[in-house]
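Peer 1: One letter stands for each residue in the lines below.
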Amino acid sequence: MRKEPYLEQNVAIRMVDITKRFADVVANNKINLEIRFGEILALLGENGSGKTTLMNMLSGIYMQDSGAIYVNGERITIKDPHDAYNLHIGMIHQHFKLVEVLTAAENIILGLNESRLINLKNVREQVKKICERYGFVVDPDKKVYDMSVSEKQTLEIVKVLYRGADILILDEPTAVLTPQETDKLFVVMRNMKADGKSIVIITHKLHEVMEISDRVAVLRKGEYIGDVPTSETDPQKLTNMMVGRSVTLNIDRPDPIDPKESLVVKNLGVKDINGVSKLENVSFTAYTGEILGIAGISGCGQKELLESIAGLHKLEPGSSIMFYPRGNKEEGEDLAGQSPIDIKHKGVHLAFVPEDRLGMGLVGNMNIPDNMMLKCYDQGKSPFTNQKKPRQQAIEIIRDLEVVTPGLRTPIRRLSGGNVQKILVGREIASDPYLLMTAYAVRGLDINTSYTIYRLLNEQKEKGTAVIYVGEDLDVLLELCDRILVLCSGRVSGIVDGRTAKKEEVGLLMTHFKEETA
Amino acid sequence: MNQFISLFQASIVFGTVILFGAVGEILTEKSGNLNLGVPGIMYLGSIASLIGVFYYERYAENPIPIVCILIALVCAIIASMLGGLLFSFMTITLRCNQNVMGLAFNIFAGGFANFYGGSLNKLAGGVGQINVLATSAAFRTKIPSYQSLGPFGHLFLSYGFLVYLAIFLAFAISWFLTRSTVGLNLRSVGENPATADAAGINVTKYKYISTCVGAAISGLGGLYYVMDYMKGTWDSDGSVEGLGWLAVALVIFASWKAPRAIWGSYLFGMLSWAYFYIPGLTRSSQEIFKMLPYIVTVLVLIVVAYQHKPDNQPPNALGLPYFREDR
Numbered sequence: 001m002r003k004e005p006y007l008e009q010n011v012a013i014r015m016v017d018i019t020k021r022f023a024d025v026v027a028n029n030k031i032n033l034e035i036r037f038g039e040i041l042a043l044l045g046e047n048g049s050g051k052t053t054l055m056n057m058l059s060g061i062y063m064q065d066s067g068a069i070y071v072n073g074e075r076i077t078i079k080d081p082h083d084a085y086n087l088h089i090g091m092i093h094q095h096f097k098l099v100e101v102l103t104a105a106e107n108i109i110l111g112l113n114e115s116r117l118i119n120l121k122n123v124r125e126q127v128k129k130i131c132e133r134y135g136f137v138v139d140p141d142k143k144v145y146d147m148s149v150s151e152k153q154t155l156e157i158v159k160v161l162y163r164g165a166d167i168l169i170l171d172e173p174t175a176v177l178t179p180q181e182t183d184k185l186f187v188v189m190r191n192m193k194a195d196g197k198s199i200v201i202i203t204h205k206l207h208e209v210m211e212i213s214d215r216v217a218v219l220r221k222g223e224y225i226g227d228v229p230t231s232e233t234d235p236q237k238l239t240n241m242m243v244g245r246s247v248t249l250n251i252d253r254p255d256p257i258d259p260k261e262s263l264v265v266k267n268l269g270v271k272d273i274n275g276v277s278k279l280e281n282v283s284f285t286a287y288t289g290e291i292l293g294i295a296g297i298s299g300c301g302q303k304e305l306l307e308s309i310a311g312l313h314k315l316e317p318g319s320s321i322m323f324y325p326r327g328n329k330e331e332g333e334d335l336a337g338q339s340p341i342d343i344k345h346k347g348v349h350l351a352f353v354p355e356d357r358l359g360m361g362l363v364g365n366m367n368i369p370d371n372m373m374l375k376c377y378d379q380g381k382s383p384f385t386n387q388k389k390p391r392q393q394a395i396e397i398i399r400d401l402e403v404v405t406p407g408l409r410t411p412i413r414r415l416s417g418g419n420v421q422k423i424l425v426g427r428e429i430a431s432d433p434y435l436l437m438t439a440y441a442v443r444g445l446d447i448n449t450s451y452t453i454y455r456l457l458n459e460q461k462e463k464g465t466a467v468i469y470v471g472e473d474l475d476v477l478l479e480l481c482d483r484i485l486v487l488c489s490g491r492v493s494g495i496v497d498g499r500t501a502k503k504e505e506v507g508l509l510m511t512h513f514k515e516e517t518a
Numbered sequence: 001m002n003q004f005i006s007l008f009q010a011s012i013v014f015g016t017v018i019l020f021g022a023v024g025e026i027l028t029e030k031s032g033n034l035n036l037g038v039p040g041i042m043y044l045g046s047i048a049s050l051i052g053v054f055y056y057e058r059y060a061e062n063p064i065p066i067v068c069i070l071i072a073l074v075c076a077i078i079a080s081m082l083g084g085l086l087f088s089f090m091t092i093t094l095r096c097n098q099n100v101m102g103l104a105f106n107i108f109a110g111g112f113a114n115f116y117g118g119s120l121n122k123l124a125g126g127v128g129q130i131n132v133l134a135t136s137a138a139f140r141t142k143i144p145s146y147q148s149l150g151p152f153g154h155l156f157l158s159y160g161f162l163v164y165l166a167i168f169l170a171f172a173i174s175w176f177l178t179r180s181t182v183g184l185n186l187r188s189v190g191e192n193p194a195t196a197d198a199a200g201i202n203v204t205k206y207k208y209i210s211t212c213v214g215a216a217i218s219g220l221g222g223l224y225y226v227m228d229y230m231k232g233t234w235d236s237d238g239s240v241e242g243l244g245w246l247a248v249a250l251v252i253f254a255s256w257k258a259p260r261a262i263w264g265s266y267l268f269g270m271l272s273w274a275y276f277y278i279p280g281l282t283r284s285s286q287e288i289f290k291m292l293p294y295i296v297t298v299l300v301l302i303v304v305a306y307q308h309k310p311d312n313q314p315p316n317a318l319g320l321p322y323f324r325e326d327r
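Taken in order, these protein sequences are the chains called R and V. Under the numbering used here, the letters of the first sequence match residues 1 to 518, in that order. Under the numbering used here, the letters of the second sequence match residues 1 to 327, in that order.
Just chain R, same shape as in the assembly (with noise of 0.2 Å):
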């Protein structure tokens, strides 16, 4: 074993010169990082810098393919996540890495192996003992599919600590919890980390870094740009460290002009296959030239909310959506009951951005203007499709949206989630929408294209658009959004402003019904 001149009282890991590819893309490009002793370190970068590759390899997903890890000044190898967890180090994934059909309990031990059967007495006295000691609820007999997201991470994070790990990454944890949710799970990490653990986190977040970290370690296309102390920096000078030139932070907000109403919906119900209702009693109004944006935690009732409006899904008796094209009275019509075809013919549009992206709206094994054309399939008069105006159309947002592609015959399944939602949002506004309704389109994007898209949406705003705005982020909702609706279990518990509210209020009503059922 070789000692190397590395070995110095603070640092627990340092990755030196780290390069992985994959087939022709360099994810990582020889990149130094160093985590220290009881610290928290943020690792900030756009989407497909490369944090969670060069974090994977710590974790033992992936092997460096050229480059040296040292663990507290040794040189190790580490070939698989065994190896990881015999180094005490443990991640916790954005894709939680847990079995479904099993318990907690069950989850923990899996692949431990440290007794030949199964005997889970111990795993519950020790999962009761490391959750006293950092102020954690698990039910160790529960099964993962009965449990909230938030349950599920506060899992992952107890399963990392009862392999003993003594380093632990987390990525992007808060993209799925409420803004409570993250309150506690800061508590537990300032906690882990008084308890002398080191902790990484991966985030997109700006002022998640700012409220959490001691240090900022910033990548850029696989490249290490460089590491500042939190204290020292600020949201601004990190954007410009991740992007690379000035990016002004601020999302416009044009006030709407003269807004009519657009879309009245009045005691919208939704139930499932199963019977068990999705939305009750939802009833609101879309303006012209605004946009309204829908808060909830996922699962709420706002993607059935806005299939509703689309035609896709059978409505409950009393439910009525009357839509007046461009604000205009005389041509309302109740969409309820209508095709989704019908109504999309009224200018009706939805730019559905589904978790796995390619799910609803484009076809991955098909190419650009394939997947122009998807929407314009009814038009043609002859057997033969036109290939031209689809192609042209592709070109187009190609060059406006800039986005990246090989060719236009590449399938879109090869192209990265950015660009791909680029398309899928191009392609909605295209068609020249009196409403547009998008889900979800800035999921997974970084900070460059999510302005892209922002503008996107304020330009069809102020050509007198309604647009409905459902997403994740609260922090751009409160920015973006003129109006916010806020979705809690299938029901509207309170509209809010967009430019007067506070973000606690809203993360308030987002749980609002859940606290009055429970």
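A few of these clues could be false.
Straight-line distance between alpha carbons at most 35 Å, and here's what the computed DSBU-like set of lysine-lysine pairs gives [stated by the list, open to error]:
hint: 1; chain 1: V; residue 1: Lys309; chain 2: R; residue 2: Lys184
hint: 2; chain 1: R; residue 1: Lys128; chain 2: V; residue 2: Lys309
hint: 3; chain 1: R; residue 1: Lys142; chain 2: R; residue 2: Lys221
hint: 4; chain 1: V; residue 1: Lys257; chain 2: R; residue 2: Lys271
hint: 5; chain 1: R; residue 1: Lys152; chain 2: R; residue 2: Lys221
hint: 6; chain 1: V; residue 1: Lys142; chain 2: V; residue 2: Lys122
hint: 7; chain 1: R; residue 1: Lys121; chain 2: R; residue 2: Lys152
hint: 8; chain 1: R; residue 1: Lys129; chain 2: V; residue 2: Lys309
hint: 9; chain 1: R; residue 1: Lys303; chain 2: V; residue 2: Lys309
hint: 10; chain 1: R; residue 1: Lys205; chain 2: R; residue 2: Lys463
hint: 11; chain 1: R; residue 1: Lys271; chain 2: V; residue 2: Lys309
hint: 12; chain 1: R; residue 1: Lys143; chain 2: V; residue 2: Lys309
Far from chain R, by Cβ distances over 10 Å, these chain V residues were calculated [stated by the list, open to error]:
hint: 13; residue: Val74
hint: 14; residue: Gln147
hint: 15; residue: Ser285
hint: 16; residue: Leu299
hint: 17; residue: Leu320
Derived from the structure by calculation, the hints contain no laboratory data. Note that beta-carbon positions come from the ideal geometry of N, C-alpha and C, so glycine has one too.
Assemble chain V onto chain R, guided by the hints.
Peer 2: What follows is chain V alone, placed relative to chain R:
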């Protein structure tokens, strides 16, 4: 009463063939590997055991029953494990499509078995001439004096040891999967290989072993078919394949729980033989009754789908290849 006893016995003999097939396949599928090659595996198990004991019986003056049994078992297990190994190599290492590979494997193994079955018949003196009497008798040795126990003896004790081995294996596999740590690890591989991998479980190793051991168990179904069901003869009519598919259906019927497969297999047996005991059926109306096991499977699938109970669902990653650096 006699009619019932006879139907019951026929059901158990029929059921045992598919029970072996299904128990092996449950073990395989729990690792996320969907081996549709069960019919082929059963073909290999049956023909290999037949070849082995054919030569033994031919050259031994007085075949010893225990040696007959051992030769048949060893041949069946080795042949079906090799089948499982081939399937594993193609689907786990080379990541071929599991469905396509399973179907192709059936075509291969069916041809292989029928070719050698035909050759054996020729060696034995003509079509339908092969008969490994000593081995078949050894496999069908029953518990002595079961008749003295009346109907109980006839119903439950009148079978060769493989019937009880099948039941034992079903419980053993279930115990292994639910109680042992290795079983827990195996289930996690089938549910979510990425999670298992991140937990330090060797996904490839688990998949290989469970597919090969599962194939060995399924292959015993073929052995039982040729030695007991067919009484040591070979018939190239493809009925092994039909039973193999029934075993695949049984896995779904049992919703991946081995103990359920026990009574399920006997139920399938009863449904399959029912036409024989219903008076007044013509040849064509018999065929309708032979569909019953499949109809029941479809009904079970519908019920399970409506229940939405995650515990009754197939392993989450069933049929999907796993590649760690897949992005």
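Peer 1: For this structure, which hints from the list above don't hold up?
Peer 2: 3
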